[in-house]
Structures are given as C-alpha cells and as structure tokens.
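Chemist: Residue strings, one per chain:
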Amino acid sequence: MSMSGPRPPPATLQTPGFAHYSVTWSPFHNTRLAVASAANFGLVGNGRLHLASVSANPGGMLALSLDKQFDTQDGLYDAAWSEIHENQIVTASGDGSLKLWDIMLNDHPIRAWQEHTKEVFSVDWSNLKKDTFVSSSWDGTVKIWTPERPRSLMTLNAHHSCVYQALFSPHQPDILATCSTDGTLRIFDLRAPAYASGPNTNSFTNPLSASMLTVPASHTEILSLDWNKYRPFVLASGGVDKLVKVWDCRMVKPGAEPGAVGGSCETQLMGHEYAVRKVQWSPHRGEVIATASYDMSCRVWNTAPPAGQPQLMYINDAHTEFVVGCSWSLYDQGVLASCGWDSRLNVFRV
Amino acid sequence: MERVKRLAAQITGTSGVAALEKKSPDDVVITMAIRSPLCKAKKGGFKDARTDELMLEMFRQSIAHSNIDPSLIGDICVGNVLCTDGVYHARAAALAAGFPETVPVQGINRFCSSGLMAVTTISNQIRAGQIDIGLAVGVESMSQNPDNGGPVLSEEIAAHPAAADCPKPMGWTSENVAEDFNISRDDQDDFAAKSFQKAEKADKAGYFQGEIVPFTVYQTDPATGARKRVIITKDDGIRYGTTKDNLAKIRSAFPQWGKGTTTGGNASQITDGAASVLLMTRRKAEELGLKIIAKHVTTTVAGVPPRVMGIGPVFAIPAALQKSGLTKEDVDLFEINEAFASQAVYCVRELALDARCTGARQIATGLNELERRKGRVLVTSMCIGTGMGAAGVFVREA
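So the protein sequences, as listed, match chains A and B. Heads up, the first sequence is in our numbering, so the first residue is 617 and it goes up one at a time. Heads up, the second sequence is in our numbering, so the first residue is 221 and it goes up one at a time.
Source of the hints: derived by calculation from the structure; they are not laboratory data. Even for Gly, the Cβ is constructed at its ideal location relative to N, Cα and C. A hint or two may mislead.
Stated by the list, open to error - Only part of the chain B face toward chain A is listed, based on derived beta-carbon distances under 7 Å:
#1 Arg223
#2 Val224
#3 Gln230
#4 Ile231
#5 Gly233
#6 Lys242
#7 Ser244
Between the sequences and the hints, there should be enough to build the whole structure, so can you do that?
Modeler: Set out below in structure tokens:
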C-alpha cells in the first residue's frame, strides 16, 4: 500500500437517480455486492436495493456490473447479507420497516417486519449466531430478529435519541455495540436485558436498557462504529466531530454490574473535513481501518503506524458527493468498495 | 423534515436539541431551583426586611431544600446590584444561616442579570473543574436599597456620547426604545395587560407553588415600631383583573421624555425578592442520589447602545442559540424580562416570538414552567442597564 505512484481508476457503477447509503459484500460469493439506496438523497421518496458483481478483466483491471434491483416505497439506509442463506439479504428502511429479500426471486421481499416507529438506519447480521440479525432506529431502540419469527425477539431501549448503528461483536455472540446522536457508544450484553435503575432514571415513562459500558465518545453525534476483528473489545467510532477514535473497552467485565461509564481512547485520526459517516476495520489487518465522510473522500488509515510513518495510508477522492459507505472485501485483501450521494459505487485496490 | 434537519446538523456540526440532550458525567446540572415570593418594594411583604435578612432566609431555605450536607458546597456566588456592602452581608449571612466557615462566598453584579451571572459563574467554575458543587443566589431589597439613579461621571468620560448615556434613568431608555422602534402606548398597554392576566392565571392555578419557598421575615408594626416575624408565601405584585382599558387610563410616568408612553401600569414594579440555584456535575448529582432538574448549557452576553438598553435580548438570544447549536424553533420556552412593555414588545416582535411567557421572573420560574409544559429547552433572557443583554440556555432533564 502506498500513497505514491499512479493508480488505476476505480471500477465504477452508476445508479442514476438513487443516492447510496450503504454498501456490503456477500459473505458467500467474493464477487457479489449489495447497495442500499434512496431517491432524492433519501430525504423523501422511494428506495432501491442494487445487486452488483465485480470482475477482473484479463489485465487485472476491476469492472462492475449491475445484476438486479429491488424497489421499495421508502428510502433504504442499510443492508446486511444473511450468514446462513447465500441468496438472502435484509434491508433497513426510512419507513421503519425491515425487509428480507431472496435475490433469486423478483420484485417482492420474502418477509417484512414493521415495529420501529422511525427510520431504521442500520442492520447487521450476526456471524456467530447465524440465525440472528439486529436493527437500530431513530426511535432510540435496537431490535433483535430472526427470519423465522414474525415479531422481534427482543427490544433494547438503547438511547433516548437516534441510534445510527448497532453491530454484533465478532467475538462473543450476545454482545453488541451501539452509537447515537447522544454522543455515546454503548456495549450491551443480551443475556442481561435489565433496565437501568437509580436516581437518574425514569423507568416509568422512559426506561433505558442497562448497558455494560457507556463510552462518552464525543460532544457531538456518533454516526458509525466498528468492532476490531482481531482485538476483542476494541472499537472505532466516527461522527460529526470529524474524528475517528479508537476505543479500548477491555475494562468491560461480562456479568459484572451493568451501567459502567468508561472506555479509553487509544488513538484519534484527524483529517476528514466534514462528518465521518462510516468506519470499518480491515478484515485482514488489525491495525487498518477505512472511513467514509461527507468531505467526499474515502480514506484508509493505519491506527498503529511504525515510528515516523503517517497514519493516513490512502485517500480515494473519486466521488463528487458525500461518501456515506465503505466496505472491505472479505476475500480479496486490500480491495475496498465505497459508495455515495453521487450514485456511484467504486471498487478499488488500496 | 426530520431527515433534512438531521442531515443539516451532521454537516454543520450543530446538532440541535438532540445533542443538547446528551448526558455526560461532566455536565453542569441543576438539582434545586427555588425562589422567595416576589413582593412590592416599600409596600409588600418584604418592605421592612433588610437585604442581609433576605440573604439569610434564602441561605437557610437553600440548606433546607438542597438535600446535601452544606459543607460539600465549594463556592457560593451572590448576585446583587444595589446593596453597597453586598459581599460583607453575603458572607456573614451564609455563616449565620448554617454554612460552615469552610464554604467561601463571592459577589457578582451585572445589573438585572446578576442572578443569571451568579449561575453562570458557578457553572463555569464547575466546568473548569475548580469546584464540584456550587450555590448561585440572587437577592435584592429595593425597599432598603432603592435605585437612586446613576453616578456623576468624570467630565472626560461624559464627553463620550454613549458613555454619557450610561447613568441615565431606565425610564428614559424605555421611552427611547418606544420612540426609536415605534412601539405605541396602545401596544405597550396591550402587552402589559396580557402579562398581568397570564400572571393572574398562573398564580390562581398555583403554578408558582412549585418554585416559591415560604419566607420568614421581619415586619415592623407602624404603631409600636416593634419588629415581629411573619411568613410570606405568595407574590403580592400581581394585580388581579388588570385590563388594557384600566392601563390606558394611567398617566405617563415620564412625560418629559420621548412620547411619554411608559406608565406605572406598563412598566415592571419595584420588587424585593431572592432566588437560589444549586449546581453540580452530573457525576456528583448521581453520586449523591439527587434528582436532576436541568442542565445548564451556556450563557451569552451582548452589548447594545446604552440609550436603548432594553433591546439587549434581541442580540443575546441569537448569540446563545448559535453557541448552543439551536434554532428558534428548537426552544420550548423563551422567558424575557419585562422591565418595560416597550422593550418587551420590541424584543418579542424583533425575535418573532409568540408572546408566550414574559415577566420579571427567575430561572426557578422558567424551569418550573418548562416542567409543567413538559418542554425541553428554556432560553431565559433579560436586558441590562448601561446597554447589555444576557441569555441562558437550559435543557430540562427527561
């Protein structure tokens, strides 16, 4: 990886009229991608789930093609591939619904759930409990689901304001992390779904689920988080303060009294000029992280660079609008996808 | 629209109410906000009480209502304008009320905003980590210390036109506002009558009972001269049954200035009273198991021409909103003082507010009213003599 020397342009796929909100690689097929998108920049109108394939031509150049699309009544803000069924994918929608699609079928979802009362902004499929996925919403709740059940399995009243993302731990099946408008990261243990208590809680009108740990991560909104794949209880956060922060939360003791406040900030990555909309750790290198920002760039950083080396490894500035999503290929090391409000999906080698 | 607002907040970094609602252990929070009854100077319940006696009673009530050991208080700040020996009285009254000698006291004076400045000073000390818990108090006895007008200035200073305006009477500034900004007598009487009617309604409905603590003070028997203790429990300046027509009959108070539209009916009364606010970090409040009423977000002050000092809120409020990342629409309750209807009408008009709640009240009133309405954001603001305005932003705890 190097910042010098000419680089081939990224493989690009345009989806006219639909601004992107999220991109994700299939865990089963190393060429398949899904993009959640919305008309009118997601402010009002329809949504569309795009399925695309990446291929390498004989010269090693990457190319993208659109395989299929599914239309929805309201904007789509996120998508997560099933970990058990290679053709299934769940989407999160502005109308509060979740929909499960089978990409071998046409037009209609195979399941739909309507419980959230506001925009659903994230969805994540557990890769440890493979029949379970989690959604997070602007209504402040996080819900746990399984495709077989018509209702959610569990609701966490995680925050009093928007929950922008909820993500299962890659190491422990019952642990998940959330981030919110309220500037905190929280870690929840689903085995202890107790409500918070004490003088400062109002369990009558406004109950809040007890978190194992609350990290006061920023004075502004936290828009994205990710669990480090190699170091349990190390997380990254990104948000309106333009910073990416790496949090060591190993002080969390599963089974201990809930409600702890803590988290120690290991590293800050400075450079984005507007809010950071997405952070994702590399699945191949524990110190490498990709970020997407409203400053129209997608960046790759080394959070623990060798002495004298900069943290910033790579800037992709091929987008002409907000970059809102980025996703590492799970199979091809160093291949990154980015998507944005310019309706353009880019795939490139870092 | 929520989507547009959320996006705008993410891009500009001003995150509006949602961000203000965020709870951090370092937040400066209010766990107690109480006030005395507000009484007419020279005629009302506190007419014979001294400033230091009002301080003493306010301190006693603060200790009684704080639910904490008084020795935990790291500093006391007392806002007072007219009492020349204010800090002597404040320290002595604090000790007499039961604060141990280890609890220090300071005084602060920015005219009408002194109570808010006391809150702000304590809040800043907490924010800076100098203290964990502090008490902010505002006290004024205009019976004992009437406003006898500004001082004589040095000739060199008086040669500066704006400087020369500083010591001039408040009534003159009211007439200047009315004349410069075309606030008619009719508009002023209309506004003042509505304020009286709202105050009457609130008083009858018992809205103020949540914030008023009974005050035990001395009253002098006019026949014998003997001082006896009485308990005052209610505001005595609210004139029931006030209408615009009643007010229209009152003669001009300042016929010599401007159009002479200010009267005893559309200007605020001269008042005796006190208020007290206990502040601490959220961490401390939780540790002590205290109920949190609200969070202090910020206070801003602005300067305006001394000759129209009443317009201060027009500049202080937008600055406070900007500093806290709010828009006007985010605010559930604006509370602007009503020194004179002229100045209050102008502020409400210029800021394009619904005239929902005005009147000379304190933070205790604003937070109490916010609780009653189940609103979240309070902006409380006042004009300040010599040409200033101040505005404080508070978020009620949910």
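Chemist: For every hint, state whether the structure bears it out.
Modeler: Structure-based check of all given hints:
no.	hint	in the structure
1	Arg223	5 Å, holds
2	Val224	6 Å, holds
3	Gln230	5 Å, holds
4	Ile231	6 Å, holds
5	Gly233	5 Å, holds
6	Lys242	4 Å, holds
7	Ser244	5 Å, holds
Comparing the model with each earlier hint shows no violations; every hint is respected.
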